Structure formats: C-alpha cells, structure tokens
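There are 2 protein chains.
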Amino acid sequence: MTHNRQWILRERPQAEVTGQHLQLRSVARPIPGAGEVLVRNIYLLVPPAMRLWMNEEDSYVPAQPLGETMMGITLGVVEASDDPALPVGTYVNGMGGCQEWFTAPAAQLMPLAPHPEVPLAAYRSVLDVQGLTAWAGLHEVCRPQPGQTLVVTAAAGSVGSLVCQLGAGLGLRVVGIAGGPDKCRWLREECGIAATIDYKADDVAARLDALCPGGIDMVFENVGGPVLDLLMERLNDHARIALCGMVASYNAGGTQSANALMRLVTKAARLEGFLVRDHFHRYAEVASRLQALVLEGKLKYRIDILDGLEHLTVALDRLFHGRNLGVQLLRLSPERLA
Amino acid sequence: MTHNRQWILRERPQAEVTGQHLQLRSVARPIPGAGEVLVRNIYLLVPPAMRLWMNEEDSYVPAQPLGETMMGITLGVVEASDDPALPVGTYVNGMGGCQEWFTAPAAQLMPLAPHPEVPLAAYRSVLDVQGLTAWAGLHEVCRPQPGQTLVVTAAAGSVGSLVCQLGAGLGLRVVGIAGGPDKCRWLREECGIAATIDYKADDVAARLDALCPGGIDMVFENVGGPVLDLLMERLNDHARIALCGMVASYNAGGTQSANALMRLVTKAARLEGFLVRDHFHRYAEVASRLQALVLEGKLKYRIDILDGLEHLTVALDRLFHGRNLGVQLLRLSPERLA
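Residue numbers (the working numbering), protein chains in the order written: chain A, 1 to 338; chain B, 1 to 338.
If you're looking for bench data, these hints aren't it; they were derived computationally from the structure. Please read these numbers as outputs of a predicted model, since none were measured by experiment. Do not rely on the hints blindly, as some may be mistaken.
To be verified - Simulated DEER-style distance windows between Cβ atoms:
(1) A:Glu56 with B:Asp202: 24 to 32 Å
(2) B:Thr18 with A:Arg185: 51 to 59 Å
(3) A:Ala210 with B:Pro105: 37 to 45 Å
(4) B:Pro213 with A:Gln108: 26 to 34 Å
C-beta atoms are modelled at their ideal positions from N, C-alpha and C, and glycine is treated no differently.
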C-alpha cells in the first residue's frame with residue numbers, strides 16, 4: 001500500500017460533470033518533509049461548489065488548474081508526523097484534495113477533538129462549514145426578528161436543514177422548500193419543520209401564499225431560478241435574502257426575472273451573498289454551540305456517505321439531481337485501520 | 001378660469017405609455033373645505049416611477065386606480081387658504097396629482113422657503129427627492145470607503161448626476177455610464193466626472209476594464225439589464241450595489257443573468273434596494289447641505305422643463321427613450337401670475 005489514488009481535472013465541464021472531465025490516477029504516496037505530516041484522508045466533502053471550482057473563471061477561490069489534483073475538503077488522520085503538535089493518530093480537517101493521502105505543514109491543518117457520542121463524519125459536515133454557513137447566513141445576513149417568516153430553499157440539504165431548525169429554535173415561522181415527498185417528510189417528522197413545499201409536485205406559488213399569508217421577511221437561498229423569482233415577488237418591506245448559492249445555475253447559466261428583482265427596490269429589500277470564510281472567527285464558538293444542540297437531539301442532520309474515492313462523479317451526479325440525503329461525503333478509508 | 005385640467009389613467013399600459021392609456025379631461029376647479037388650502041400647481045415631476053404606478057400590482061405605493069386622477073408629485077403655490085399656517089402665496093411641495101389645481105389639508109403639504117438665488121424648480125428636483133435619493137443611496141447603502149471605485153448608471157440623469165458629483169467630492173474613483181455623447185460631455189465638462197462610458201456607442205465591458213482596473217466596489221444602479229450584468233461580473237469582495245431602480249425593465253420585463261448574480265455569492269456582495277421614504281428623517285439636514293453645495297457651484301444639475309400639462313405623455317416618452325436632460329418637469333402654470 002504505497003500508492004495514492006487521486007482525481008485530476010482533465011477537461012472543464014460546460015454543463016454537468018461526467019467521467020470525461022475527471023480522471024482517476026494512481027501515483028506514489030507522498031513522503032512528508034521537514035515539519036510536515038502525512039495524512040490519510042477518511043472523509044471527502046462533495047459540496048455543490050466543487051462544480052464552480054471547475055470553471056475557467058475564479059470563484060471565491062482561484063479556478064482549479066487543469067491536470068492537477070482536484071481541490072477537496074477533507075477529514076483525515078495523521079499517519080506520520082514531523083511536527084510534535086500533530087502526533088500520529090490525530091484527526092485533522094484540511095484541504096486535502098480529492099485523493100487518499102497528502103502531506104502538508106502542520107500549520108495548514110486543524111486538529112479535531114471529536115466527542116465520543118458524535119459520529120466522526122459530523123466534524124466534516126454539520127459541525128463544520130455547513131453549520132457555520134447556516135449560522136452565519138441566518139444570524140449575520142438574515143438578522144431575524146421575533147415572529148418573522150423565513151423561507152429556506154434546498155431545505156433538506158446539508159445547510160438548509162440546519163437553517164430550518166435553527167430558525168424554528170428562534171421562534172420564526174419557517175417554510176422549507178425541498179424536492180420530493182421523502183425530503184419533505186424528513187423535514188417534518190425528524191426536524192420538526194411543519195410547513196414544507198415540495199417544489200417538484202406542489203404549486204409553489206399557491207403554497208407560498210397559503211403558508212406565508214403575511215409575506216416573506218427572510219429567505220435563505222441556495223438554488224436560484226424560478227422559485228427565487230416567486231420568493232422575491234412575495235418579499236415584505238426590508239426583507240433580507242441570504243444568498244448562499246444558486247445551484248440551479250451552476251451547470252447551465254439561467255436567468256432571474258427583472259420584475260422580481262425590482263421587488264428589492266419597491267420593498268427596500270436586500271439580496272446579499274455571503275461566504276463562510278468571512279465568519280471563521282466565530283468558528284470555535286459556533287461549533288461548540290452546534291455540538292451542544294446535536295448532543296441534546298435538537299439539531300438533526302443526515303450524512304450521505306458513499307464508499308470509495310472512485311465514486312466522486314457518482315456523488316456529484318447525486319448532488320446535482322437532488323438524490324443525496326444530507327451532506328454528501330465520500331469515505332476514502334476506514335476511521336480506524338484494523 | 002374656473003376649470004381644472006387633469007390626467008386620468010384610462011387603461012393600464014402593458015409596455016410603453018401612449019395616448020390611449022391616459023386621458024386629459026377638464027373638470028371644475030375644486031373648492032377648499034374647512035382647514036384646507038387651494039393650490040395652483042406650478043411644477044409636476046415626471047419620474048420614471050410614474051410608469052410603475054400605472055401597473056396593476058402595487059409598487060412602493062398602492063397601484064394607481066383606473067379612472068382617477070393620475071398620482072403626481074408637485075410644487076405649487078397656495079391661492080386660497082383656510083389655514084393660517086399656509087397663507088396665500090406660500091410655495092408648497094405635495095402629492096398634488098397630474099392636474100392644475102388641487103385642494104388638501106394644510107398638514108399634507110410641505111411649505112418651502114426658496115433661496116432667492118436658487119431656481120424654484122430646484123425645490124422639486126435636486127433639493128428634493130432626487131437629492132435625498134442620491135445622498136441616501138451613496139451614504140447609507142453604498143457606504144463608501146476612501147479610494148474605492150463607484151460606477152453610476154443613468155449617470156447624467158436626475159439622481160445619477162448628483163451621485164457622481166457627491167462621490168467625486170468624497171474622493172472616490174467615479175465612473176459614469178450614460179447614453180450618448182452629449183450626456184457624457186456634460187458629465188465631464190460641467191460636472192467634472194472625467195471617466196464616462198457611452199453605453200450606446202462604447203464597448204462597455206472593455207471600457208469598464210480600462211476604467212476600473214481594480215474592479216468595482218460600489219454601483220449606484222438605476223437601469224438594470226445587460227449593463228448591470230457586466231457590472232456584477234466585475235464586483236470586488238464585499239461590493240455594494242444600491243438598487244435605486246431598474247428602468248430598463250419597467251416597460252417590458254427582462255431578465256438578469258444568474259451567473260452575474262452568482263458573483264454576489266462569490267464576492268460576498270450585496271444588492272440592496274432602497275426607498276427615499278426610509279430616509280425622510282434626514283430630509284432637512286440633507287437638503288440644507290445640498291443647497292449649500294448648489295450655491296457654491298459644487299453641485300451641478302439640469303432641469304428639463306416642458307410647458308403645459310398636456311405634454312405628460314411626451315415627457316414620459318422622452319424619459320423612457322433617454323431624451324430628457326436632467327430632471328423631467330412639466331410647468332403647469334407661471335411661477336408668479338401676472
């Protein structure tokens with residue numbers, strides 16, 4: 001076992017990612033240099049943004065170069081160390097790439113202290129970027145006021161489901177929009193979000209009118225497209241839309257209605273993008289609060305784990321067709337080696 | 001002279017307003033009741049928003065009812081008074097409608113104290129809603145930082161030209177986008193805005209790249225459409241777009257590119273609508289500061305006056321084809337009667 005499998009971006013996708021754009025190759029396992037550690041990746045996060053990284057234009061990170069190991073957000077364990085700060089056996093979060101092994105200076109990794117009653121994978125999902133994203137978008141961008149109405153799109157997704165529950169915990173009227181009866185049922189029965197809309201089956205406009213009779217004060221937006229237009233048309237005065245992503249447009253372009261955007265003017269409302277990196281200074285505090293909620297059973301989450309690095313394109317395909325149930329992770333190796 | 005001419009909304013326009021949608025009728029001049037005054041309208045403001053008011057849906061004001069006197073923002077003079085607070089001869093701002101005379105309770109009108117060296121019409125333009133709109137959008141929404149780049153669309157317009165000059169006065173790098181060489185020349189030679197783009201003749205994308213080599217920090221947006229997409233594609237981190245209007249869409253719908261809107265996410269930027277009414281508490285202070293700038297010759301403006309109430313549709317047509325030079329007013333009667 002001295003090889004290292006890794007995914008290379010071979011060709012930039014114009015629309016959906018397929019096997020022609022990515023190539024799995026096997027190279028020699030890297031050897032850590034002075035002050036470096038060797039990490040065995042256990043979990044690889046597969047976020048919708050991975051598709052953005054593949055575009056020629058820079059996004060919130062520089063564009064992924066062609067022919068190089070695909071960028072990836074990972075949780076792993078130190079298997080060899082030249083830095084006493086990170087002894088062998090330490091679990092670490094890092095930008096470990098879409099590969100099984102990597103080396104890095106210890107300072108580039110974040111050591112974890114997982115709670116024994118919380119699954120390890122939670123530290124690369126609900127208690128990590130997804131949790132901080134949900135918290136920042138809700139508290140810092142939406143700025144909820146008691147009794148207001150919050151609509152969440154991709155509500156059964158990795159971030160949306162947390163926003164729904166955090167919003168309900170604040171006493172907001174929460175409406176979750178998700179695709180399909182299973183996701184809506186999970187939101188209702190597991191997460192306690194009574195008001196759901198199945199955008200694949202329901203008349204979304206009519207359901208919004210019924211569930212938001214007083215209009216919409218806040219939107220946590222992950223999707224874009226026609227549903228966002230319907231939401232904008234129902235905004236109240238001084239409404240806030242936390243724009244977390246527009247996954248509907250990542251593969252294909254798309255447009256938003258100018259008439260719907262005009263509602264931002266007539267309601268003095270705000271459409272505000274945000275990036276979790278602007279909120280990392282709150283990371284420790286927020287992660288600790290979220291872990292407490294998880295341990296109390298007040299913050300439900302789902303992690304959708306596929307085994308094997310070779311399933312990256314399958315995972316991306318699940319994600320863009322809404323077939324993942326919660327945060328999409330790939331498990332690249334066992335949590336503990338036999 | 002006991003009649004009163006007024007415009008009635010006969011039919012809601014689907015696209016551009018023409019003579020078929022509005023009807024000019026003559027009725028009896030109203031008689032003021034107890035506590036009311038009779039006002040002779042002198043100036044009628046013809047803002048782009050007038051087109052919005054004609055739609056069936058409410059905008060930031062309730063929709064204009066069919067068959068009733070078209071709503072209008074006016075400056076007039078009291079010709080008969082049953083309230084000692086507003087003696088005959090007082091100039092007043094008010095919502096006097098698209099008509100020559102109206103009556104109202106004194107409390108609904110704002111008395112003016114025009115400076116002898118400032119044209120009366122300025123009190124229904126630069127020193128009124130346009131000035132406060134420019135000030136609020138720039139200071140309260142864009143929140144300028146020293147050395148940042150501000151792009152203003154409809155830059156030769158009634159609000160845009162003020163934003164350009166106020167921004168330059170703050171030491172910002174200001175780029176004005178306007179339609180046609182005359183408007184651009186006026187901005188450069190009269191208003192001192194060196195960097196202009198003629199969107200009708202120039203390659204807007206190339207000019208933006210040349211004039212904003214460090215990207216765009218703030219946009220004061222009046223127009224929407226393809227130019228807004230180009231601006232969004234060039235936003236810097238934490239950029240702010242003050243969305244004052246989207247005149248490109250008022251007549252016809254239209255769309256914005258989802259890819260361009262995604263830039264709000266990747267740059268953690270903000271697209272924020274605003275309404276001048278949320279800033280009226282600053283009115284006296286801002287108007288006084290703007291009047292001082294006007295008297296010092298540091299705030300140039302143009303007022304485009306057409307004579308005669310009957311020219312309302314002509315004025316709207318000028319406005320939506322960008323042929324007005326500055327604030328579009330109709331003069332309905334002389335400032336001082338002979």
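Inset, instruction - Could you see if the CB distance from glutamate 56 of chain A to aspartate 202 of chain B stays within 24 to 32 Å? - result: holds (26 Å)
Inset, instruction - Mind checking the hinted window 51 to 59 Å against the Cβ distance between threonine 18 of chain B and arginine 185 of chain A? - result: holds (53 Å)
Legend entry - Distance restraint evaluation - alanine 210 of chain A, proline 105 of chain B, Cβ atoms, bounds 37 to 45 Å: holds (41 Å)
Legend entry - Range hint compliance [Cβ, proline 213 of chain B to glutamine 108 of chain A, 26 to 34 Å]: Holds - the Cβ-Cβ distance for proline 213 of chain B and glutamine 108 of chain A, about 32 Å, lies within 26 to 34 Å.
In summary, this structure violates none of the numbered hints.
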